[in-house]
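Visitor: Once you've looked at the hints, dock chain B against the given chain A.
Spelled out from the first residue to the last, the chains are:
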Amino acid sequence: MTPFVDPWWLPVIFAGLMGLSILLYVILDGYDLGVGMLTRLEKDANRDLMVASIGPFWDANETWLVLGIGLLLVAFPVAHGLILTQLYLPVVLMLIALILRGVSFEFRAKAPPEHKQRWDNAFFGGSLLTALCQGYMLGAYVLGFDQSFAAVLFCLLAALGLVAGYIFVGACWLIYKVEGDLQKRAVRWAEISLWATALAMAIISIATPLLSERIFDRWFRLPEIIALLPIPIASATLFVGLAIFLRRPLREKDELSWVPLAVAGILFALGFVGIAYSFYPYLIADRLDIWQAAASPEALSIILIGALFVLPVILGYSVLAHWIFRGKATHLSYE
Amino acid sequence: MDALDPLILARIQFAANISFHILFPTITIALGWALLGFKLAYNRTKDGAWMDAYRLWVKVFALSFAMGVVSGITMSFQFGTNWPGYMEKVGNIAGPLLAYEVLTAFFLEAVFLGIMLFGFSRVPNWVHTLATFLVAAGTTLSAFWIIVLNSWMQTPVGYEIRDGVVHATDWWAIIFNPSMPYRLTHMLLASALTVAFLIAGMSAWRWLKDGGGEGVRRTLKAALYAAALLIPVQIFVGDMHGLNTLEHQPQKVAAMEANWETQPHTPLILFAIPNEKARTNHLEVAIPSGASLILKHEAAGVVPGLNDYRGDHPPVAPLFWGFRIMVGLGMLMLAVSWLGAWLVWRRGVDALPRWYARALVAMTFAGWVATLAGWYVTEIGRQPWLVTGVLRTADAVGPVGGAMVASSLTLYLTVYAVLLTAYVAVLYRLARLGKAAPEGKPMFPLPGVAEGPAEPQSEAPA
Numbered sequence: 000m001t002p003f004v005d006p007w008w009l010p011v012i013f014a015g016l017m018g019l020s021i022l023l024y025v026i027l028d029g030y031d032l033g034v035g036m037l038t039r040l041e042k043d044a045n046r047d048l049m050v051a052s053i054g055p056f057w058d059a060n061e062t063w064l065v066l067g068i069g070l071l072l073v074a075f076p077v078a079h080g081l082i083l084t085q086l087y088l089p090v091v092l093m094l095i096a097l098i099l100r101g102v103s104f105e106f107r108a109k110a111p112p113e114h115k116q117r118w119d120n121a122f123f124g125g126s127l128l129t130a131l132c133q134g135y136m137l138g139a140y141v142l143g144f145d146q147s148f149a150a151v152l153f154c155l156l157a158a159l160g161l162v163a164g165y166i167f168v169g170a171c172w173l174i175y176k177v178e179g180d181l182q183k184r185a186v187r188w189a190e191i192s193l194w195a196t197a198l199a200m201a202i203i204s205i206a207t208p209l210l211s212e213r214i215f216d217r218w219f220r221l222p223e224i225i226a227l228l229p230i231p232i233a234s235a236t237l238f239v240g241l242a243i244f245l246r247r248p249l250r251e252k253d254e255l256s257w258v259p260l261a262v263a264g265i266l267f268a269l270g271f272v273g274i275a276y277s278f279y280p281y282l283i284a285d286r287l288d289i290w291q292a293a294a295s296p297e298a299l300s301i302i303l304i305g306a307l308f309v310l311p312v313i314l315g316y317s318v319l320a321h322w323i324f325r326g327k328a329t330h331l332s333y334e
Numbered sequence: 000m001d002a003l004d005p006l007i008l009a010r011i012q013f014a015a016n017i018s019f020h021i022l023f024p025t026i027t028i029a030l031g032w033a034l035l036g037f038k039l040a041y042n043r044t045k046d047g048a049w050m051d052a053y054r055l056w057v058k059v060f061a062l063s064f065a066m067g068v069v070s071g072i073t074m075s076f077q078f079g080t081n082w083p084g085y086m087e088k089v090g091n092i093a094g095p096l097l098a099y100e101v102l103t104a105f106f107l108e109a110v111f112l113g114i115m116l117f118g119f120s121r122v123p124n125w126v127h128t129l130a131t132f133l134v135a136a137g138t139t140l141s142a143f144w145i146i147v148l149n150s151w152m153q154t155p156v157g158y159e160i161r162d163g164v165v166h167a168t169d170w171w172a173i174i175f176n177p178s179m180p181y182r183l184t185h186m187l188l189a190s191a192l193t194v195a196f197l198i199a200g201m202s203a204w205r206w207l208k209d210g211g212g213e214g215v216r217r218t219l220k221a222a223l224y225a226a227a228l229l230i231p232v233q234i235f236v237g238d239m240h241g242l243n244t245l246e247h248q249p250q251k252v253a254a255m256e257a258n259w260e261t262q263p264h265t266p267l268i269l270f271a272i273p274n275e276k277a278r279t280n281h282l283e284v285a286i287p288s289g290a291s292l293i294l295k296h297e298a299a300g301v302v303p304g305l306n307d308y309r310g311d312h313p314p315v316a317p318l319f320w321g322f323r324i325m326v327g328l329g330m331l332m333l334a335v336s337w338l339g340a341w342l343v344w345r346r347g348v349d350a351l352p353r354w355y356a357r358a359l360v361a362m363t364f365a366g367w368v369a370t371l372a373g374w375y376v377t378e379i380g381r382q383p384w385l386v387t388g389v390l391r392t393a394d395a396v397g398p399v400g401g402a403m404v405a406s407s408l409t410l411y412l413t414v415y416a417v418l419l420t421a422y423v424a425v426l427y428r429l430a431r432l433g434k435a436a437p438e439g440k441p442m443f444p445l446p447g448v449a450e451g452p453a454e455p456q457s458e459a460p461a
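Protein chains in written order, with numbering that gives the first Met the number 0: chain A, 0 to 334; chain B, 0 to 461.
In case anyone wonders, no lab produced these hints; they're calculated from the structure. We put the CB at the ideal spot given by N, CA and C, even for glycine. Every clue listed holds true.
Derived CB-CB ranges, DEER-like: (1) A149/A to I7/B: 32 to 42 Å; (2) I202/A to A402/B: 31 to 41 Å; (3) R278/B to L155/A: 54 to 64 Å.
Stretch-level coverage of chain A by chain B, calculated; a stretch enters the list once three of its residues show a Cβ under 8 Å from a Cβ in chain B: (4) 45-58; (5) 105-117; (6) 298-310; (7) 316-322.
In isolation and in its complexed conformation, chain A is listed as follows (with noise of 0.2 Å):
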């Protein structure tokens, strides 16, 4: 069959398309991930609600990583198989940790009384391990997979950043999710994450020019850097006015507990584009591009059909989904 669109777009669309599900699974399980690390601060009732308040929709948040990998795999066969043999080991103990953290899930709620302790350990522990590495492996690809060991230091440093960015949406989600004590206690973790994402995201957005001047010229020219001046100037209002926020967040009624994490998902899309637009058009850097990478333009477009039918319709039951269960989180049961 011939392509219905020009050739040329096709990698360009499922690259967007590709950007679009990784930062919905790092926005949507970003929040699952930190309040799971969350939940080794509370104990009994309240870490059974923080957990109810994420039991409907993990499932559907971790399938936008499935999504975003999967488009790498089948969009961008070569750099999918580059990518992840580099990334071995950290992406092997990444699904081992997501596959203790989802299963927790389930075991935490049916084994005996008396196990119920070491499925939450494992539910802290999956979460804590797939933030690391998620972090290490975003280190790792901005950096091109130097194995330096001022490149390990940075790949650490990136673990532990997403770690803080994970707890900080998390605590934002709690925050709309959750009332009382221990809303007012996720106020509190939602401030000191706050500052640590930020400072996280200043050492990434300073390092990755540095390393790379390609990086550093697409940054740090006329005209582009008039036009490219508002991603950092709006990440650091918006972070400053959350933080004057979070002082008096829980107004009456408690009508204004969805600004956090609206604002935190606007931070973490400009982090985000500000990565995306680093990178464009390399797929790895400076070494494979994703005309380079893309799978023959026939297999694009009829995967393109059926995701330009599916995915406004994803969207839309994802959505549905938020609102079945919008409001306060209660004890989760299977009434």
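Guide: Only chain B this time, still in chain A's reference frame:
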């Protein structure tokens, strides 16, 4: 052979991951439909016993689903971490099929599962029933796309090779490739039988303990009838699948039968120890002309032998034994389910002899064993090819070193062993607790609850 041969290790790792993974879809595919059946039966009769059954088995479903999702994610990364040559060569075909699986099935299940599990009092009853239906449809659709891809790897058609890369020429031919309809039907029935024996086995276990109430009697009976109805269909479909394999992958059938020479009057070997070095069988016990009769439907039918495919056929012993385990279990299922269905039909569940109930308990996981044995036959039977005639397994493996793969394999195996133990233990715990199982936590009053059925209580004496 080097103990840390990366190719063998990567293959073992893939086999371990996919074996662990397939256990759970095998349950969820059919259990989804069973749940829909329980739900519809409840909607029709308003009989609480059906809802008890739903409540118990929806928990098993949730647990199995979570295990399937997390192990499935591992699968999607395996292609890149261990088999980069696969997508580079056939990505133009495997890619769209996998993409359609994720797009059409994965999200459908994942989103509506939330409503199915936790939405009972949040959405109207019909929406809950619809969500149950969509989840069941999602799991089946998921199986469809994966089986399409697997079957295409067995019997590839509708493609051409340009510059060393496979390109699709005919998507209809690819999707409805020669072995797909047989493999799909065989797998769906395998899932149904696995679930039937799982439900029958767990229900019998509960019944042996303390009777378990009307819900347990109901599911035991339904599972036995379903098994008795489906097993002859499965045996018939399996036979058709075998004939299809004979047509398209004769060397696989030759290995399944441990038949070395192409000959008429080929015996059906019941027991043997195949020796691949000497290219012969030891301790052979066989029925004369049996294989010719089964495969060619005449005693003088010529059945292809392994010696026609020297150096290009799969290892013989695993196929020979895997096939016998699967068929043996199939025959056992036939005997057990027909006897049980007859007993229940004549005398009712409570009059079942206790030894028979114990036999059902022993067969609780028989479906898993048969399904795995069958998949080992078909997958090892494709070797040395990854995609028959297109890509050899050895040419697809990645550059990751043996020690690295050995460590990741150890990690996976440890985690899988722990999880499988926990899974089975929790299944029995759920069966013991029955409808009162876990999450009997306090429920906060919900604002604006949509009208669902009132808390259905069991009217039947437990």
